[in-house]
Amino acid sequence: MGCIENLKYEMILPLGASFKECREYVEKNFSEVLYVDPGYKIFDEYLIGLPPIALGIEEGKKIIFPYTKPCHGTYLLRIEDPKEVERVRKTARKKK
Amino acid sequence: MMTETKNTPKSAILLLGCPEVPVQMAIALYMAHGLQKRGTGVLATGNPSVLNLLKVSDPEKHYLPQMMVLEKCVAEVVEKKRTCDLCVVFAHNDAGIQYAATMRHLLPESRIVLIIFGRTPEVLEESVTFPCEKIVDKAVHNPMQLKAKINEVFGWAA
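Residue numbers (this note's numbering), protein chains in the order written: chain A, 693 to 788; chain B, 834 to 991.
For the record, the hints were derived by calculation from the structure and aren't laboratory data.
For glycine and all other residues, C-beta sits at the position ideal for the given N, C-alpha and C.
Be a bit skeptical, because a hint or two may be false.
Unchecked claim - Heads up, simulated PhoX-like pairs for lysine-lysine below, C-alpha to C-alpha not over 25 angstroms straight-line:
hint, chain 1, residue 1, chain 2, residue 2
1, A, 733, B, 914
2, B, 914, A, 700
3, A, 787, A, 712
4, A, 787, A, 733
5, A, 775, A, 754
6, A, 712, B, 971
7, A, 712, B, 967
8, B, 894, B, 843
9, A, 761, B, 888
10, A, 786, A, 754
11, A, 720, A, 753
12, A, 720, A, 733
13, B, 888, B, 870
14, A, 761, B, 971
15, B, 967, A, 761
16, A, 782, A, 754
17, B, 971, B, 905
18, B, 914, A, 761
19, A, 733, B, 905
20, B, 982, A, 782
21, A, 786, A, 775
22, B, 905, A, 761
23, A, 733, B, 913
24, B, 888, B, 980
25, A, 733, A, 712
26, B, 843, A, 761
What the hints assert, rightly or not - Which bits of chain B does chain A cover? Going by a derived footprint, with three or more residues having C-beta under 8 angstroms, they are:
hint, stretch
27, 849-855
28, 899-908
29, 930-939
30, 959-966
To be verified - Where chain B lies over chain A, by a calculated footprint (3+ residues, C-beta under 8 angstroms):
hint, stretch
31, 716-729
32, 763-771
If we strip away everything but chain B, and leave its shape as in the complex, we get (with noise of 0.2 angstroms):
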């Protein structure tokens, strides 16, 4: 069931890092349900791994409908063929960090959300020096405390 709300965004792009940390998977579907069900159209986008452990995850498409790879997706911004509402970065390495800092660039309207996770996401948020909101916990395998962040960012009663 729709739930939209006043402030929800109309798109929102979830940029994903590596896959190499377990919560990433967990939170990308969780936040991809949070934003669909309240009427934002998300599009995920990372290597062609986590694209593919997330067609895995979701064969039916009903979490993620559209998904495409990073390069293209960059390309597309760069070229403003496509744009979001929100952009929703999952950091975990210093790659991450600097995705962010492109999309903030290159998205300068839109609202940027930097998830920095891991298991040194205090290093990694000391080296963001670019305005953004930033969700920091130190998840690795249990994506609980991370998730009562994202609810508490986006203003969602668990």
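Next up, chain A with everything else stripped away, as it sits in the complex (with noise of 0.2 angstroms):
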């Protein structure tokens, strides 16, 4: 999983979700939603998957984001740290 394997990471959805599953549950489990486009820059990876991607904000300091491999399908995750929180409310949008 790349760098993001090197950081404390929490798997919400099980292997084998997909990327859509992982968008309507991030819409429907967080009040704060924000979105972004492939490309983006996360945890110093770049998101991968149709946009708009749906990132949730927990408690003001965790994000929850889709993490896709081509083998195992796409991973949503929980990682803490406050300042990529703070970075992801500047740079994503509120809106798709």
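Make the complex out of the two chains shown on their own, each in a separate frame, by following the hints.
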């Protein structure tokens, strides 16, 4: 999983979830949802997926985002990083 | 022998998916050959397993002189260090479709051809909501039907 593998992450959805299921989960379960396009950089990785890509913010310090790999599909991950949350809030958009 | 035609793309990226479906390797080498003999520069990209399969299959790099790990290729496209006239994406799972959607977004001027194969290609095809050309075939072990469809789309006589 590249650099993200080295971070402390939680896997929210089990392996095998589709990208669409990840987006729907984020939109349904988090009060703060932001949107970005594929190629947006987060934790030093470029996000993959059909735009717009939904990111969730939780407790003001955790980011929920889809992370796609060719063999495993899409993981929905949660990583705590207040600085990255602040950066995402400044650079992502609030509407699709 | 090079047989360049009027509509020959100058550059192509073959974006390969997880190598668990056997036809992908055969079709990738077939497409690389078909494009290169018509004058297209081809770069193959995929995860390390896929690239190792290609390196072993083509040790002297007759068909695929250029290969690059997928993350690096995506990074170069995002950073506008790399572009292509044609991007062929291989998809037998949802991840493959997402990579195609990504390339569609990052390469708005390029021709995107999405090859959907494997055991349930029709289900995957339904999930494609972005503009691209699609070649769809229920191919797992036998590449012949898929090859025929590729020939038709690219105007390659058998």
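Is the hinted pair residue 720 (chain A) and residue 733 (chain A) satisfied, with a Cα-Cα distance of at most 25 angstroms?
holds, 23 angstroms
Between residue 786 (chain A) and residue 754 (chain A), does the CA-CA distance stay at or below 25 angstroms?
Holds. Residue 786 (chain A) to residue 754 (chain A) sits at ~17 angstroms (cutoff 25 angstroms).
Given the hint that residue 888 (chain B) pairs with residue 980 (chain B), test it: the Cα-Cα distance must not exceed 25 angstroms.
holds, 22 angstroms
Are the Cα atoms of residue 733 (chain A) and residue 913 (chain B) separated by 25 angstroms or less?
Judged against 25 angstroms, a Cα distance of about 14 angstroms means the pair holds.
Holds or violated: residue 914 (chain B) with residue 761 (chain A), Cα cutoff 25 angstroms?
holds, 22 angstroms
Are residue 787 (chain A) and residue 712 (chain A) close enough, with their CA atoms no more than 25 angstroms apart?
holds, 17 angstroms
Does the structure keep residue 712 (chain A) and residue 971 (chain B) at a Cα separation of 25 angstroms or less?
holds, 23 angstroms
Are the Cα positions of residue 782 (chain A) and residue 754 (chain A) separated by 25 angstroms at most?
holds, 15 angstroms
For residue 733 (chain A) and residue 905 (chain B), compute the direct alpha-carbon distance and say whether it is at most 25 angstroms.
Given that 25 angstroms is the threshold and the Cα spacing comes to 13 angstroms, the pair holds.
Are there three or more residues in the stretch 899-908 of chain B whose C-beta lies within less than 8 angstroms of some C-beta in chain A?
holds (count 4)
Hey, residue 914 (chain B) versus residue 700 (chain A), does the alpha-carbon distance stay inside 25 angstroms?
violated, 31 angstroms
Measure nothing beyond the straight line between the CA atoms of residue 761 (chain A) and residue 971 (chain B); if it is 25 angstroms or shorter, mark the hint as holding.
holds, 23 angstroms
When each numbered hint is compared with the structure, violations occur for hints 2, 17, 20, 26 and 31.
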